[in-house]
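K.L.:
Model the full structure from these sequences, guided by the hints.
Everything in the sequence shown is counted per the working numbering, starting at 1 for the first residue and increasing by one.
Treat the hints as calculated values from the structure; they're not laboratory data.
Incorrect hints may appear among the rest.
Using 25 Å as the maximum straight-line C-alpha spacing, the simulated DSS-like pairs for lysine-lysine come out as follows [to be verified]:
no., residue 1, residue 2
1, Lys35, Lys168
2, Lys168, Lys140
3, Lys51, Lys140
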Amino acid sequence: GAAVLKKHHLPSKRAFSGDLHAYFYTQTLDHFNYKPESYATFQQRYVINYKYWGGGAVTAPIFACLGAEQALETDLQTIGFLDDNAARFNALIVYIEHRYYGESVPFGSREEAFRNAYRMGYLNSAQALADYAEIIADIKNNLQASHSPVIVIGASYGGMLASWFRLKYPHLALGALASSAPVLYFDNITPSDAFYSIITKSF
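P.N.:
Okay, structure coming up:
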């Protein structure tokens, strides 16, 4: 059954079907500014599936799906393969929504969050990775699963986040599964027209 999380993990008013339990975590808006007056927060949504988890006492693993540029509901529709693997490994499944998407929007609303460049400046991959690190660490602490290995998972941009998370937070993630992640698709590494060149030659 669902475990009891601490008070800053607020239950979501939006109900999910079956074994999915939704929560909100009081997230730090800016992880890299340490001035006291800058400690603004927002509510970040995540979902946990406890159905298959063996528990922290037996160091059962945690599969953390890192949300990308869309609402959490879309992720839940496209990553059903995690259920099969969670059953096999007795894993806990955690789905975390990316900041500024779905219901994880700072400043109270999308209109306010996207009002100007200053506020949009908090929408970047470094802040998103720090979000995931904070939530994963806190869930492990709450569920007394400090020794449970974490595998981070993502596709496309989410896959890039999973790869970067493994590199930046190796103390939190034992491994990463990155599907269709264009991690080398940057200037001076991969030709920007590579995809179109291949398609042109094929057709």
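K.L.:
Please name the hints from earlier in the document that this structure breaks, with their numbers sorted from lowest to highest.
P.N.:
none
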